[in-house]
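**Student:** Sequence:
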Amino acid sequence: MGREQAQHRPIVKGIFARADAVLSYPLSHLCWHGPEAELNDTLHAQPAIFTHSVAIHEMVRLSGEIEAPAFVAGHSLGELSALCAAGALAFEDGVKLTRERGRLMKEAGERTPGGMAAVIGLDANALRAVCQEASQQHAPGVVVANDNAPGQIVISGGKMAVEAASALAKARGAKRVVPLNVSVASHSPLMAEIADEFARLVERTPIAPAAVPVVANTSARPITHPDDIRAELAAQLTAPVRWVESVRFLRDQGVTRFVELGPKDVLCGLIRRIAAEAETRAIG
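Numbering-wise (this note's numbering), the sequence shown opens with residue 1 and increments by one.
In case anyone wonders, no lab produced these hints; they're calculated from the structure.
Check the hints yourself; a few may be wrong.
With a cut-off of at most 20 Å between alpha-carbon atoms, the simulated SDA-like pairs for lysine to any residue come out as follows [stated by the list, open to error]:
(1) Lys13 x Glu58
(2) Lys13 x Pro26
(3) Lys264 x Ala149
(4) Lys106 x Pro35
(5) Lys264 x Ala37
(6) Lys96 x Pro26
(7) Lys96 x Asp196
(8) Lys175 x Arg273
(9) Lys264 x Trp32
(10) Lys159 x Val182
(11) Lys106 x Ala234
(12) Lys264 x Val182
(13) Lys96 x Glu232
(14) Lys170 x Gln137
(15) Lys175 x Ala124
(16) Lys159 x Ala129
(17) Lys170 x Gly121
(18) Lys106 x Asn40
(19) Lys96 x Ala45
(20) Lys175 x Arg128
(21) Lys106 x Ala192
(22) Lys96 x Glu203
(23) Lys13 x Val60
(24) Lys96 x Thr205
(25) Lys96 x Glu58
(26) Lys170 x Ala124
(27) Lys96 x Asn40
(28) Lys159 x Gln136
(29) Lys106 x Phe198
(30) Lys13 x Pro263
(31) Lys264 x Arg9
(32) Lys264 x Pro35
(33) Lys159 x Ala239
(34) Lys170 x Gly151
(35) Lys106 x Glu193
Could you put the whole structure together from the sequences, leaning on the hints where they help?
**Tutor:** Spelled out as structure tokens, the structure:
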């Protein structure tokens, strides 16, 4: 993750070095040399993905490879790198927040193991009804966590509730249900136990007005004010990622080009399913 760019672009290497200094351990070595199992631990994965995404943004910003954005947006954890790109969050503060976000989410998953599953081929309203029914049968319950694209939605919650919802979804016409290999029920009420502590961390973190509007996960609407940004960061732990609505909002504002910055190109695929006419590009 980022190794090739760091070998050829000093700005990328420098950003990873800054992350190493904040964390007091060599995140860069973990990203570039592994072991992969350790890197995939959410404790390390969150600051790693954040650092890589910000490094790529700085690389293309300084090179002039892409034009200045009209909006920025990030999916789940990616919202923090979007805030950094918008000038609302300093890089070092973002590293600290992603480290603590990863730690808190890992601890919550260890205390109350949950589950997540990707449901293919069922619309959001039908799946919400399925989740409500499964939650009446099992506690902790299950909710729609990521509305990623038409017919591609992730559910999250208590293990038994997720299993029940998965079975119900298939019975109601879902083409496929894919359990995710996680124990942390992201964007679900199971994260409520850490929301207050994370909100206190966010409250102590300097937040500047965003120079570029940030389309928020929880509302699918742009935010720029520091108070709104703090509220968004605290709320998104338990609230769903409204990605379909976010992309449609951007399309309705006249956005035609989307550039994904980070280690993968998943969002480009989702965007094309939401707005087929969109021009997409992944850099990372």
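**Student:** Now look at each hint and say whether the structure bears it out.
**Tutor:** So, going through the hints one by one against the coordinates:
With a C-alpha separation of about 11 Å, the suggested pairing of Lys13 with Glu58 holds against the 20 Å cut-off. The hinted pair formed by Lys13 and Pro26 meets the criterion: a straight-line CA distance of about 12 Å does not exceed 20 Å. A distance of roughly 17 Å separates the Cα atoms of Lys264 and Ala149; the hinted pair therefore holds under the 20 Å criterion. Taken as a hint, the Lys106 and Pro35 pair is honoured in the structure, with Cα atoms around 19 Å apart against an allowance of 20 Å.
Taking the CA atoms of Lys264 and Ala37, the gap is about 18 Å. The hint holds against a cut of 20 Å. For the proposed pair Lys96 and Pro26, the alpha carbon gap of about 14 Å is at most 20 Å, so the pair holds. With a C-alpha separation of about 17 Å, the suggested pairing of Lys96 with Asp196 holds against the 20 Å cut-off. Among the hinted pairs, Lys175 with Arg273 is consistent with the structure: their alpha-carbon atoms are about 17 Å apart, no more than 20 Å.
Distance hint between Lys264 and Trp32 is fulfilled; the C-alpha atoms sit about 15 Å from each other, no more than 20 Å. Restraint check for Lys159 and Val182: satisfied, since their Cα atoms lie roughly 10 Å apart, inside the 20 Å limit. Our distance criterion of 20 Å between C-alpha atoms is met by Lys106 and Ala234, whose separation comes to about 16 Å. Straight-line distance between C-alpha atoms of Lys264 and Val182 comes to about 19 Å, which keeps the hinted pair within the 20 Å bound.
At roughly 17 Å between alpha-carbon atoms, Lys96 and Glu232 fall within 20 Å of each other, so this suggested pair holds. Of the supplied pair hints, the one linking Lys170 and Gln137 holds, its CA atoms being roughly 17 Å apart against a limit of 20 Å. Taken as a hint, the Lys175 and Ala124 pair is honoured in the structure, with Cα atoms around 14 Å apart against an allowance of 20 Å. With a CA separation close to 18 Å, the supplied pair Lys159 and Ala129 stays within the 20 Å bound.
A C-alpha spacing of about 9 Å is found between Lys170 and Gly121, which places the hinted pair at or below 20 Å, so the restraint holds. With a C-alpha separation of about 12 Å, the suggested pairing of Lys106 with Asn40 holds against the 20 Å cut-off. Between the alpha carbons of Lys96 and Ala45 the distance comes to roughly 13 Å, so the proposed pair stays at or under 20 Å and holds. At most 20 Å may separate the alpha-carbon atoms for a hinted pair to count; Lys175 and Arg128 meet this at roughly 16 Å.
At roughly 13 Å between alpha-carbon atoms, Lys106 and Ala192 fall within 20 Å of each other, so this suggested pair holds. For the given pair, Lys96 sits about 13 Å from Glu203 by alpha-carbon distance, which is consistent with the 20 Å threshold. In summary, the hint linking Lys13 to Val60 is supported, as the alpha carbons are separated by about 14 Å, within the 20 Å threshold. Between Lys96 and Thr205, the direct Cα distance comes to roughly 9 Å. Compliance with the 20 Å bound is thereby established for this hinted pair.
A hinted pair counts as satisfied when its Cα atoms are at most 20 Å apart, and Lys96 with Glu58 qualifies at roughly 19 Å. For the hint pairing Lys170 with Ala124, the CA-to-CA distance comes to about 14 Å; that is within 20 Å, so the pair holds. Between Lys96 and Asn40 the CA atoms are separated by roughly 18 Å; this keeps the pair inside 20 Å, and the hint holds. Distance check on the hinted pair: Lys159 and Gln136 sit about 14 Å apart at the alpha-carbon level, within 20 Å; holds.
For the given pair, Lys106 sits about 13 Å from Phe198 by alpha-carbon distance, which is consistent with the 20 Å threshold. In summary, the hint linking Lys13 to Pro263 is supported, as the alpha carbons are separated by about 15 Å, within the 20 Å threshold. Restraint check for Lys264 and Arg9: the C-alpha separation of about 19 Å stays at or below 20 Å, so the hint holds. Straight-line distance between C-alpha atoms of Lys264 and Pro35 comes to about 19 Å, which keeps the hinted pair within the 20 Å bound.
Restraint check for Lys159 and Ala239: the C-alpha separation of about 18 Å stays at or below 20 Å, so the hint holds. For the hint pairing Lys170 with Gly151, the CA-to-CA distance comes to about 13 Å; that is within 20 Å, so the pair holds. Of the supplied pair hints, the one linking Lys106 and Glu193 holds, its CA atoms being roughly 12 Å apart against a limit of 20 Å.
When each numbered hint is compared with the structure, no violation occurs for any of them.
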